[in-house]
Structure formats: structure tokens, C-alpha cells
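With chain A held as given, fit chain B onto it using these hints.
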Amino acid sequence: MGTVLEAEGLLVGYAGAPVCGEVNASVAAGDVLGIVGVNGAGKSTVARTLAGRQASLSGDVKVHGLLIDPDAVPFRRQVSAVFDDDLFFPSLTVREHLLLVARGHSLDDPETRVEEELEFFGLVGRSHAIPDALSSGQRRRLLLAAGLIRPSSLLILDEPEQRLDPRMRVALSDRIAAHAKDGGAVVLVTHDPQLLLATASTCLVIDEEVREFDPEQGASIIAGS
Amino acid sequence: MLNRESLAQSSELAADVVRFTRRSARRYKRSRTSWGDRFVDAYSWGLGIGVSLTMAASFVLALRTEIAGRASTGSIIGEQWLLLPEPVLWTSVTFAVLLVISNLARKLGPMTVSGAESTWWLSLPVDRRPMVLPPFFRKVALTAGGSAIIYLPFSLVTAVDRTAVDHILASLTFAGAGTVAVLLSAMQQLGWWSRRTAKITTTAALLACAVLPALSWSLWPPALVAAAAVGLLALVARRAGRVRGEELVRGGAVAGHAGASLFMMDANEVLRALGSGRQRVDGGRAARFYARPTRGPLRALIRADAVAFLRLNPPLAPSILWLAACMAILLVEGGLPEFAQLAVIVIAGCAAASGMGTVARKTALVPELDALLPLHPALVRTSRTLMPCLAMALWMTALSGLLVLLGAADPLLMAVGALAGVGMGAGTLRAATRTPPDWTAPPVETPFGPVPRAQLGSLLRGLDVTILATIPLLVALYLGYVPWSVLLVQAVFSAGIFLVVVLSRPKRT
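Chains as they are written, first to last, in the numbering used here: chain A, 1 to 225; chain B, 226 to 734.
Derived from the structure by calculation, the hints contain no laboratory data. There may be inaccurate statements among the hints.
[Stated by the list, open to error] Computed cross-link-like contacts, SDA-like style, restricted to lysine to any residue with a CA-CA straight-line distance of at most 25 Å:
#, chain 1, residue 1, chain 2, residue 2
1, A, Lys62, A, Ala177
2, B, Lys254, A, Thr93
3, B, Lys332, B, Ala373
4, B, Lys587, A, Asp71
5, B, Lys254, A, Glu111
6, B, Lys254, A, Arg126
7, B, Lys332, A, Pro70
8, B, Lys364, A, Asp71
9, B, Lys254, B, Leu367
10, B, Lys254, A, Arg139
11, B, Lys587, A, Gly30
12, B, Lys332, A, Arg53
13, B, Lys332, B, Val322
14, B, Lys424, B, Ala366
15, B, Lys254, A, Lys62
16, A, Lys62, B, Glu472
17, B, Lys332, A, Gly16
18, B, Lys332, A, Ala55
19, A, Lys62, B, Val474
20, B, Lys364, B, Asp266
21, A, Lys62, B, Thr344
22, A, Lys62, A, Gly30
23, B, Lys254, A, Val124
None of these values were measured; they are calculated from a predicted model.
Excised from the complex, chain A in its bound form:
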């Protein structure tokens, strides 16, 4: 399987100050890279930098061998990223938000794809609700649905388990695993040992020094043992 994402000597942080150690990692198609660490360790900053949402302090990030450019059309086509951005069009319904993404990515039969995602994320009953009328967990589901409805060769998820009920977490882990099985690469930032064990093939522990472990060790580190 070819390498989808490569990070070499990557330093991330704010105002010139790194928040964690140097990140060196690569994710091949079909792999799920778990990223774990304590609060404030810099996991989300690493994820945001890998997704091109934030400039790195130093080092390179490449997707399919090319340096990332979040404004380039091919990059936007390849990379799907879901962060905890609670930003929605206030007057668009759940269904309309998903339709927008489906159409913007030129999916065949967007209506059917939207119905499938609504079904999967348990949003059928709320499909005509505007974001303000949704619960926090439902808004999270909508963001995840938007990230997963579109094709991508690299999926970056920042703590996707947050605000989800246990049943949805299990469904999500199956979905992530299926995405990897279909040849997609996944970067998964998580605090959930079960989700990590069910999906990840390798695991980075973010701290002052960034180290690679197998998912079992990563899950133990999350659990604090």
C-alpha cells in the first residue's frame, strides 16, 4: 500500500513555541494512526497541522508525496478533516448541510447518499431541523456525517467520540475501520481506549517526546496504567 501521509521533523505550536516534541510519522493507505496524549499535550494541534489548518513551526507534511497546501483543490479533494468546529449555516437544515457537501464533491446521486448518512448517524428524524434545534451530540453527528459522506484518501478525526453515546461510538469505530479497509488512511485523535483498539494499526503518544507504540500500549497509556 502506498504512503498517503508523511510528517518529517514536524514541530507544531503557537507564536513560535512548540507544544510537543518533533513528530515523525507516516500513514499508508488502509492504516489508522491513533494519536493519544494527556489534555494539552498538543494532539489537536498536531491534527490541525496535518490537516493544513495551522502552519507548522518547522518540518514537512506531505500528502501523496506533495507538500500540503490547504488552498489547493487536489488537497481539498483528498483530505477530509473533522474538528470540533461548531459552525453551521443557521438557516440550513441538517439534510441541506449534507446535500451541500455531497453536491460540492460531485457525488453521484447525492440525495441517496445523504439519506444513507442520515440513517447511519440516526439523524433521519431531525433531517429538517436547523442546527440551533439540535442537541450537542446531534451536531457532532452532523459534522461526522459531513466528513464521511464525501470521498477522501485521508481522513483526519479529532476526538470524534466526544459527545457521542456508546452505541454511536461503536458504529463510528466500525465506520472508521471500513474506511481503512476500503483503502483510506485515517489519523484518529482520541481519548477512548476502545475506539483506539478497534481501529488503530499504530499509535503515537504525544508528549514532550513523541513516541510510537502499538495500539494496546496506547490504550494502556490512555487508561493511565
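Only chain B this time, still in chain A's reference frame:
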């Protein structure tokens, strides 16, 4: 890279996404707004605009009449050792306004996306031009219209001998110049030039544009700026899809924050929004001074406030420019009426004072931090007021020193100016801690009709004492000498304002 065909498809797809979003939003809004509501909105807006225009027109015409007959009026200065030709002054003012338009446009984008658009649109693999251009074109059109409306009264007041057609041509020329200012900002946003080149090019272009409205006795100046604007617009429109996403989001965030604050008429929030784009806070400035050991919480707080002031306050340029503006108004050929000269001094003082309130505005957001210190709130407020008072005392001393040099009054005026500065500096803290206007509070019935007293009180808080602090100084300038009684009254005014500011606790929302 995308080839031409796929770019066209991508552009069409983006336009489809934008249309879809807008159509859905419109349908939703229509379903929630009745015709009655729309009529009331249109009526209120129409009435408000009509009343404002009538008041503005009557003020402008009165000012025009006053200026036309100014040969009979005096000046607050005794000697005019430098004569500034009138066209030079008005061209400088035009240039300054164009610079403000350009800077504002750069702070607010000018090409932007809103928060939701950044999440849902920018991640799509499509050409971004259809997403970015329609609101940008609206901004350009608004700037052109607004510039024409703003320049017309300016032209009426400053060039009383022009015909009506000349005034219209001058306004159209300025509208074009305003458009050019926004388009030059858009080119900076596109990263067309390096920072330095952008500054030089923009300044040179705007300087050329500033000269043109004064030459509007023929059609060529408006035609020239219109041609420049159209050319720049074509260049920007072609490349609008290449603005970095980060830039679009930044501009959108600042514009959204500033727009919402302006709608609520919350001046502090407007200033916070416009100041949020500042790239650098000099974290190293005065580090040694701060690191020196100190005793007691009050001294530690004063030191922290002084360091924060030195690190956060805007550069010296605006204060110096306001000083220069006062001088220019006084030295202009023919001279302005005394009341206009005094008004410019008050406006310049209020603007300079407002610039000194950055620290107070920032700390006002988190009053809980001040409550953590083992100090009486009045002492905390005293500490926060010291630096603005010192800075304004220096500024007012410089201004009154220049006025003394121009023979406006005797050297005692400098002492009056310094004291006035203390009161004006205290006003910045009062302004920084004012609560946003409560638009739900009912107006108070008065013999002149209902007055929104609560809202006016909130809007004028801070500005009230800043103006009050300048009154004895203005009296001295009007008299042309400084009686000891004026010095005494100024001292009492400034001390009183300082005490009122530090002893009154701000209301919390």
C-alpha cells in the same frame, strides 16, 4: 493545477453550491418573516435614513454659510508663521480618509467568508471565486456609494465657489478613489506585492487619487479613477480564488465581530475587533523593568499595568498625526472659524485618548482577574488609569506647547493642557468599562418626547468626562490668555474626574 475546462466546471459547481445555500437560507427566512414585519422594517429604515439625511443636510448647509462668511471671524492663534494653502489641507484630509478606507478594508478582509462558510464551503474541492466574489463586489459597490455620499457635504463645505455639477463630479471622483483603495487592499490580500512594496504602492496610488477630486471641473478625473478601478477590479476578480483560506477566515472573523458590535453600537467591542488583527505584541518590551523586584501588590500592579501599556498600545503615529491635524487646521490659509478650530482640537483629543485605552479595554473583559488581587477596587482602577493619564498629559502638553508657539495664549497654557490630559486619560478607563447599551430598556418621557436615556448614557460614558476635561482649556484658548482662575478650575475639573473615575465601580451586565 486545474486546466481551463475543469476550472470552469469547478467554478460552475461552486456557483451551484452558493446558489443552493442562499436559496435554502432565503426560503427559511421567508417562512419566518411576515409581510407586516418586512413593511415595519422598511418603514423604520426609511424614516431613520430620511431624518438622518435631513439633519446632516441642515448642518452642512449651516456650516457652508458660516465658512462662506468667515472673513469676519477670528482665529484662536495670534500669528500664522506658516501659511498652509487651503487646497493642500483639503487634499491632505482626502488622502487621510483614503488611507483610513484602505486600512479598514485590509482589516476587514476585504475578501471574506463567514464562520459557517469557512467550515462548509472552503473544504470543497471547487474554485472559490463564486464564493468570494459576490460579497466582495457588494463591499466595493457599498464603498463607492458611501464614498460619494460622504464626499458631497465635504465638497460643499470646502469648495463654496463650485457649481452643483462640479460637486457631483468631485463626489464621483472620490467614489472611484475609495473603490481603488479597497481594490488595492484586495491586491495586498492576494499577496500580489511584498509588505513593503504594498505600502509604498498603496500610499503613492492613494496620494494621486487624493489630488483628483480637487480638480473636478472636467470629466477626466472621474474617468481616470473609474478606468483605474475597473482595471484593478478585473485583475482582482481573476485571481480572487487564490486568496488563502486563512486570510478569508481572518477577515470574516474581524468583519463579523466589528459588524455585530457596530450594530449594537458598542464602541469598545468595535475597537477590540479592529485591534484583533494586530500581528505582534512586543512581549520583550520593558521585560527588565518588569523583572525588577518590587514590594506590595499595588506597586506590582502599577508595574504590570505600565508594562502592559507599553506592550499593547498602538504605535505613536496616530497620536502624532492627530497633533499634525490640529496644526494644519490652525495654519490653513484664510483660517477656519474659531468654533471649528476648537472642535477639531476636541475631536483630536478624544481620538488620541481613545487610542490610549487598549489595556483598559482588554482588562475590562476579565474583571475577575482584578478581583483576585488583595487590593481595593479603587486602587486597581487608579493603577490602570496612571499610564493613560501620563500619556495624555504628555500629548496635551505637546499640543498646548505648539499652540503657545503660535501665539494662542501665554506659556501657562501648557500647565492647563497637562492637567486637562490627566482628566482625559481618566476618561479612557471610564469608556473602557462602560456596559454595552441595553436596547431593551424603554425610553424616558421628557417634555421633548421620549429619550433613550439609558442607551445614551451608555454610549456617552467616558466621552462625557473626556470632553468635560477639555472645557477650561478651550475657554483659555477662546480668551487668548490663561487667567489663574482657569488653571485652578482645570485642576479641580481634572482631579474631580480622576476621583469620579477611580471611585465609581462600573456596572456589570
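How the hints compare with the structure:
1. Between Lys62(A) and Ala177(A), the direct Cα distance comes to roughly 23 Å. Compliance with the 25 Å bound is thereby established for this hinted pair.
2. For the proposed pair Lys254(B) and Thr93(A), the alpha carbon gap of about 12 Å is at most 25 Å, so the pair holds.
3. About 22 Å separates the Cα atoms of Lys332(B) and Ala373(B), which keeps this hinted pair within 25 Å; it holds.
4. The suggested pairing of Lys587(B) with Asp71(A) is violated, with an alpha-carbon distance near 33 Å, which exceeds 25 Å.
5. Proposed proximity of Lys254(B) and Glu111(A) is supported: the alpha carbons are some 23 Å apart, at most 25 Å.
6. A distance of roughly 19 Å separates the Cα atoms of Lys254(B) and Arg126(A); the hinted pair therefore holds under the 25 Å criterion.
7. Of the pairs offered as hints, the one joining Lys332(B) and Pro70(A) holds, with about 22 Å between alpha carbons and a cut-off of 25 Å not exceeded.
8. Of the pairs offered as hints, the one joining Lys364(B) and Asp71(A) holds, with about 23 Å between alpha carbons and a cut-off of 25 Å not exceeded.
9. Proposed proximity of Lys254(B) and Leu367(B) is supported: the alpha carbons are some 24 Å apart, at most 25 Å.
10. This hinted pair checks out: Lys254(B) and Arg139(A) have alpha carbons roughly 21 Å apart, not beyond 25 Å.
11. Of the pairs offered as hints, the one joining Lys587(B) and Gly30(A) is violated, with about 49 Å between alpha carbons and a cut-off of 25 Å exceeded.
12. Of the pairs offered as hints, the one joining Lys332(B) and Arg53(A) holds, with about 21 Å between alpha carbons and a cut-off of 25 Å not exceeded.
13. Proposed proximity of Lys332(B) and Val322(B) is supported: the alpha carbons are some 15 Å apart, at most 25 Å.
14. Distance hint between Lys424(B) and Ala366(B) is fulfilled; the C-alpha atoms sit about 24 Å from each other, no more than 25 Å.
15. Restraint check for Lys254(B) and Lys62(A): the C-alpha separation of about 43 Å exceeds 25 Å, so the hint is violated.
16. Between the alpha carbons of Lys62(A) and Glu472(B) the distance comes to roughly 22 Å, so the proposed pair stays at or under 25 Å and holds.
17. Using a Cα cut-off of 25 Å, the hinted pair Lys332(B) and Gly16(A) holds, with the two alpha carbons roughly 23 Å apart.
18. The hinted pair formed by Lys332(B) and Ala55(A) meets the criterion: a straight-line CA distance of about 21 Å does not exceed 25 Å.
19. For the given pair, Lys62(A) sits about 24 Å from Val474(B) by alpha-carbon distance, which is consistent with the 25 Å threshold.
20. Distance restraint check for Lys364(B) and Asp266(B): the Cα-Cα separation of roughly 22 Å lies within the 25 Å cut-off, and the hinted pair is therefore satisfied.
21. For the hint linking Lys62(A) to Thr344(B), the alpha-carbon distance of about 22 Å falls within 25 Å, and the restraint holds.
22. The hinted pair formed by Lys62(A) and Gly30(A) meets the criterion: a straight-line CA distance of about 17 Å does not exceed 25 Å.
23. At roughly 23 Å between alpha-carbon atoms, Lys254(B) and Val124(A) fall within 25 Å of each other, so this suggested pair holds.
Violation of the numbered hints given earlier is confined to hints 4, 11 and 15; the remaining hints are satisfied by the structure.
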